[in-house]
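Same order as they appear, the protein sequences are chains A and B.
Using our numbering, count along the first sequence one by one with no gaps and you end on 313.
Using our numbering, count along the second sequence one by one with no gaps and you end on 331.
Be aware that one or more of the hints could be misleading.
[Claimed, not checked] Pulled from the structure, derived: some chain A residues nowhere near chain B, Cβ distances all over 12 Å:
| hint | residue |
| --- | --- |
| 1 | Leu144 |
| 2 | Tyr206 |
| 3 | Ala209 |
| 4 | Val224 |
[Stated by the list, open to error] Below are the DSSO-like pairs computed for lysine-lysine, each with C-alpha atoms no more than 30 Å apart in a straight line:
| hint | chain 1 | residue 1 | chain 2 | residue 2 |
| --- | --- | --- | --- | --- |
| 5 | B | Lys54 | B | Lys101 |
| 6 | B | Lys132 | B | Lys54 |
| 7 | B | Lys169 | B | Lys132 |
| 8 | B | Lys115 | A | Lys137 |
| 9 | B | Lys59 | B | Lys115 |
| 10 | B | Lys101 | A | Lys141 |
| 11 | B | Lys169 | B | Lys54 |
| 12 | B | Lys59 | B | Lys240 |
| 13 | B | Lys240 | B | Lys169 |
| 14 | B | Lys240 | A | Lys300 |
| 15 | B | Lys132 | B | Lys240 |
| 16 | B | Lys54 | A | Lys137 |
These aren't lab readings, by the way, just hints derived from the structure by calculation.
The beta-carbon is built from N, C-alpha and C at its ideal position, and this holds for glycine as well.
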Amino acid sequence: MSGFSVTEPSRRQKWIAGVLVITYALVTIMPLLWIIATGFKSPEDAISYPPKVVFQPSLEGYVNLFSSRTRITESMQETLQPAETWYDQVARDSGTVIVGASRYGQRFLNSVVIGFGSTFLAIVFGTTAAYAFSRFKVPLKDDLLFFILSTRMMPPIAVAIPIFLMFRQLGLNDTKLGMILLYTAVNLSLSVWLLKGFIDEIPFEYEEAALIDGYTRFQAFYKVVLPQAATGIASTAIFCLIFAWNEYAFAVLLTSGNAQTAPPFIPTIIGVGGQDWPAVAAGATIFLIPVMIFTILLRKHLLRGITFGAVRK
Amino acid sequence: MAEVSLQNISRRYGDQVALDDVTMTVPDGAFVVLLGPTGAGKTTTLRMVSGLDKPDVGKVLINGEDVSRHTPAQRNVAMVFQQYSLYPHLSVRQNLAFPLKSPMLRTPEDEITRKVAEVAETLQISHKLDNKATELSGGEMQRVSIGRALVRDLQIYLMDEPLSSLDAKLRSDLRIVLKRIQTSLGATMLYVTHDQIEAMTMATHVGVLDHGKLVQFGPPREIYQNPVSIYAASRLGSPKINILPADVFPAAPGGAHSIGLRPEHIGIGEGAETRVVRVEHLGDQTRLHLSLNGHDLITLTDPHSPLAKGDTLRISPQSPLYFDANGDRIT
Ligand SMILES: Nc1ncnc2c1ncn2[C@@H]1O[C@H](COP(=O)(O)OP(=O)(O)O)[C@@H](O)[C@H]1O
Ligand SMILES: [Mg+2]
Numbered sequence: 001m002s003g004f005s006v007t008e009p010s011r012r013q014k015w016i017a018g019v020l021v022i023t024y025a026l027v028t029i030m031p032l033l034w035i036i037a038t039g040f041k042s043p044e045d046a047i048s049y050p051p052k053v054v055f056q057p058s059l060e061g062y063v064n065l066f067s068s069r070t071r072i073t074e075s076m077q078e079t080l081q082p083a084e085t086w087y088d089q090v091a092r093d094s095g096t097v098i099v100g101a102s103r104y105g106q107r108f109l110n111s112v113v114i115g116f117g118s119t120f121l122a123i124v125f126g127t128t129a130a131y132a133f134s135r136f137k138v139p140l141k142d143d144l145l146f147f148i149l150s151t152r153m154m155p156p157i158a159v160a161i162p163i164f165l166m167f168r169q170l171g172l173n174d175t176k177l178g179m180i181l182l183y184t185a186v187n188l189s190l191s192v193w194l195l196k197g198f199i200d201e202i203p204f205e206y207e208e209a210a211l212i213d214g215y216t217r218f219q220a221f222y223k224v225v226l227p228q229a230a231t232g233i234a235s236t237a238i239f240c241l242i243f244a245w246n247e248y249a250f251a252v253l254l255t256s257g258n259a260q261t262a263p264p265f266i267p268t269i270i271g272v273g274g275q276d277w278p279a280v281a282a283g284a285t286i287f288l289i290p291v292m293i294f295t296i297l298l299r300k301h302l303l304r305g306i307t308f309g310a311v312r313k
Numbered sequence: 001m002a003e004v005s006l007q008n009i010s011r012r013y014g015d016q017v018a019l020d021d022v023t024m025t026v027p028d029g030a031f032v033v034l035l036g037p038t039g040a041g042k043t044t045t046l047r048m049v050s051g052l053d054k055p056d057v058g059k060v061l062i063n064g065e066d067v068s069r070h071t072p073a074q075r076n077v078a079m080v081f082q083q084y085s086l087y088p089h090l091s092v093r094q095n096l097a098f099p100l101k102s103p104m105l106r107t108p109e110d111e112i113t114r115k116v117a118e119v120a121e122t123l124q125i126s127h128k129l130d131n132k133a134t135e136l137s138g139g140e141m142q143r144v145s146i147g148r149a150l151v152r153d154l155q156i157y158l159m160d161e162p163l164s165s166l167d168a169k170l171r172s173d174l175r176i177v178l179k180r181i182q183t184s185l186g187a188t189m190l191y192v193t194h195d196q197i198e199a200m201t202m203a204t205h206v207g208v209l210d211h212g213k214l215v216q217f218g219p220p221r222e223i224y225q226n227p228v229s230i231y232a233a234s235r236l237g238s239p240k241i242n243i244l245p246a247d248v249f250p251a252a253p254g255g256a257h258s259i260g261l262r263p264e265h266i267g268i269g270e271g272a273e274t275r276v277v278r279v280e281h282l283g284d285q286t287r288l289h290l291s292l293n294g295h296d297l298i299t300l301t302d303p304h305s306p307l308a309k310g311d312t313l314r315i316s317p318q319s320p321l322y323f324d325a326n327g328d329r330i331t
């Protein structure tokens, strides 16, 4: 008997598979754990060598992330009131005093607006375009589809300069609208192609049945095609969001203040006296949360979506 | 009131001719059965009437009005699809309610509940109402598909082999149900089937399609007794009509190439000598498979016939049909 079977895997096969999966998971999750741990270290622990695995947890990184502080000078020492809140106290313990909120919250909010906004638009335009490509006789359909895909063939940054100039002319530099439009445009090729695949899988007969049942073409699309494309839409949305959420190059180039997203902002967090690694790590950790929640919410669809409709009959 | 009229309809797909100059007027309240083998153009005919497909040439009229430019919704017809086409993301109940919820109808909720329950009862699927449409057997899907057509009281129904996946008992039940509903609504029905009994018992008119041509249209009795060709004659009747060379019996008219004999149109007792090849006792009748000069034919005899394989008997034609070399009827 060879150990190869298309039916039930043997105990040993399951065991080997388990070990492999766990090993892989550990390798990929290490950097993540590292970042999360660093966020809870003191600045000294964060850069100590060899790295500390066991350390005294501290919220200094998180306090620093959300606040701007100044060093307590000797002249200040006399006039200073006692700390009123726990975060004041954390700041005092490291010899600083909080003078206001940092810009992280606002940058984070920019990321949320731009990330979800562009994902929403990429899905709306992507679904309608994919439906049209899938169902109608579009002149030069293949060429158009190829053209749409070709926008993805070069690194986006290759077109950064023209886009920068265009944005300046149009007054879109450093605006959320500009970033939303840009990310929508970049994501559209992905969303049109992915969604066309999913919509192609939905037989046209269902729409015909709806037409007979008294619905218009658009109502049939809305009532019959969209629900069946939910899986594809969910997984496409996740891909779009992940791209827009993590995008760095365009964000550095086209935003500086008003519309700056979190990725270009986080590395610039400077503490009092040098790069504040715990605050950077805390910023990165919090930055992960929305995509994780979004992905977990749509996970059920994602797993089925990744198989590209293979489970359909 | 719904008279459906097809005028000179032609439709091709690439170089496949699906319909070739079909003209047919279906009177109000008629039950038309379309006959023909796979690929004859039956489904295409229904799609022309429904508006799902447009003719290359010709017009469709409903009550004398040219509806060629109307959408399927505007034509207000119900259709049972050959491949069921149940909405897979909806339950059976939601599938049945779907046409009632269309923006055109906007049926009140309690009316929907009542109608769906009534139709489910009629089609014996009440116990499956909360199943997903994909969690059904073929026969159940087919009944839901019929139900989706019947929830609306319309004037025109199009049904494409609606009973083909059902077992014999259900099929004969639903045959009667469908005919009753059609009659009580006074609706006009276009119905595709391969089933002889359905064709003979339900139809007021039969349309025989051959490679996209409508070769004969008329009451089933007329087509049975007076077919225009061997092809039309072979569409109705079970066992099928026997087709033999015209000269196996004397007195063939000039130009006759073949003779068509329905199984019940063979007189036993005198005439040409044949040998019994096989005897099938079916209970209410007995089928005799005979060999006449090397030609096979089937006839019927009484249930208690003592005939056995190897016996010989003499037969003669009664009301024979004669066809020319092209298979067209001469007398
Ligand atoms: N959408 C289509 N594309 C190409 N050929 C088609 C299409 N629909 C029907 N046909 C062709 O038209 C002919 C008639 O088809 P159909 O009306 O479905 O026949 P039936 O229902 O009698 O079996 C067939 O030869 C079929 O292959
Ligand atoms: Mg067909």
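Now the hints, each set against the structure:
1. The Cβ of Leu144(A) sits about 24 Å from the closest Cβ of chain B, beyond the 12 Å cut-off, so the non-interface label holds.
2. Taking the minimum C-beta to C-beta distance to chain B, about 6 Å, the non-interface status of Tyr206(A) is violated against the 12 Å cut.
3. Non-interface call for Ala209(A) relative to chain B: violated, since the shortest CB-CB distance, roughly 4 Å, does not exceed 12 Å.
4. Separation of Val224(A) from chain B is inadequate, the least Cβ-Cβ distance of about 6 Å not exceeding the 12 Å criterion.
5. Between Lys54(B) and Lys101(B) the alpha-carbon distance is near 26 Å, which keeps this suggested pair within the 30 Å criterion.
6. Straight-line distance between C-alpha atoms of Lys132(B) and Lys54(B) comes to about 33 Å, which puts the hinted pair past the 30 Å bound.
7. Taken as a hint, the Lys169(B) and Lys132(B) pair is honoured in the structure, with Cα atoms around 25 Å apart against an allowance of 30 Å.
8. At most 30 Å may separate the alpha-carbon atoms for a hinted pair to count; Lys115(B) and Lys137(A) exceed this at roughly 39 Å.
9. Proximity of Lys59(B) to Lys115(B) is assessed by CA-CA distance (about 34 Å); at most 30 Å being required, the pair is judged violated.
10. About 35 Å separates the Cα atoms of Lys101(B) and Lys141(A), which puts this hinted pair outside 30 Å; it is violated.
11. Under the criterion of a C-alpha separation no larger than 30 Å, the hint pairing Lys169(B) with Lys54(B) is inconsistent with the structure, at around 38 Å.
12. For the hint linking Lys59(B) to Lys240(B), the alpha-carbon distance of about 35 Å lies beyond 30 Å, and the restraint is violated.
13. Note on Lys240(B) and Lys169(B): the hinted pairing holds, with a Cα-Cα distance of about 23 Å set against a maximum of 30 Å.
14. Taking the CA atoms of Lys240(B) and Lys300(A), the gap is about 56 Å. The hint is violated against a cut of 30 Å.
15. Proximity of Lys132(B) to Lys240(B) is assessed by CA-CA distance (about 41 Å); at most 30 Å being required, the pair is judged violated.
16. Using a Cα cut-off of 30 Å, the hinted pair Lys54(B) and Lys137(A) holds, with the two alpha carbons roughly 16 Å apart.
The structure fails hints 2, 3, 4, 6, 8, 9, 10, 11, 12, 14 and 15 (numbered hints given earlier, in ascending order).
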